[in-house]
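Asker: Using the hints, position chain B against chain A.
The primary structure of each chain is shown beneath.
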Amino acid sequence: MKTTIYEKDGSMVAVFEGRLDTAAAPQCEQDMKPLIDCAGRDIVLDCSALDYISSSGLRLFLGVLKSAKPKGVHVFITGMNADLRNVFAMTGLINLFEFKE
Amino acid sequence: MKALDGKINQKQHSDRRKSFFRSLVLPNDVQAVPQLNQFIDEICDSVDLDPAQTMQMNLAIEEAVVNVMNYAYPADVHGDVNIDVQGNDEQLEFIISDSGIPFDPTAREKVDTTLPLEDRPIGGLGIFLVRELMDSIHYKRVDGKNVLTLCKKL
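For the protein sequence lines, the chains are A and B, in the order given. If you count by the working numbering, then the first sequence holds residues 1 to 101, one letter each, in order. If you count by the working numbering, then the second sequence holds residues 1 to 154, one letter each, in order.
Hint data in this document are derived by calculation from the structure and do not stem from the laboratory. Small disclaimer: the values here were computed from a predicted structure and weren't measured. Even for Gly, the Cβ is constructed at its ideal location relative to N, Cα and C. Mixed in with the good hints, there may be bad ones.
Said to hold, decoys possible - Listed below are several chain B residues computed to face chain A (Cβ distance under 10 Å; list not exhaustive):
1. P27
2. A52
3. E118
4. L133
5. I137
Unchecked claim - Residues from chain B shown here face chain A by an in silico Cβ test under 10 Å; the list is partial:
6. M55
7. D112
8. L115
9. G126
10. E132
11. S136
To be verified - Pairs of lysine-lysine residues, derived as BS3-like cross-links and limited to a Cα-Cα distance of at most 27 Å, are as follows:
12. A:K66 / B:K110
13. A:K69 / B:K110
14. B:K153 / B:K140
15. A:K8 / A:K100
Excised from the complex, chain A in its bound form:
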């Protein structure tokens, strides 16, 4: 599991690669810290190379959203495959995030 954060066109982009399971979540949470700390810039969670996510990963995504919303920051999910999107649908998270292709 690899998490890369960079800035692009005034947005913060996080790229997730591999399996975001319970074992990978603590390191990923550390790597995602800049997303929690940032203000005034929208956030893009690039999931095009994300193969798997379990509830510990969903919790991290939800945490980003919860910290962004009061700051007026938008959180977009891009490139998520149909299987993972199904997990977001099942848990109702699909209604909370903004999805982009």
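Answerer: Relative to chain A, chain B alone:
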């Protein structure tokens, strides 16, 4: 262990009708989850589940096992989690057991997935996913063990 795994798989492929049994013991350490994922991948492969179903099975079993790892034993106490799998061409049955304190994950209140963001609790999705993804989930306390049985029809 590797050689034994291979043998069981081979047997499974040569006689699809026959039921099979597989077992894995993990420490109560979430860093062992990749080992669990590999085990589940092998089982799903042996009953020809497609990638989407395999992902869902991994998710359900990871959530159930991690729940045990996190709650069955006091922090800093080493304990084991047993994962027994009984399968045939009709269903997969996972029996997850531990010798920890009595803990019934099925007694947890169901998460309301329709709540708006502000009211959404950050946790509790694990057992919710197990319920969603499996056909049945049963808990019992037997001989000082927590025994959680999950079933998936194929």
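Asker: Output the indices of the hints that this structure fails to meet, ascending.
Answerer: Numbers 1, 5 and 11 - these are the hints that the structure violates, sorted from lowest upward.
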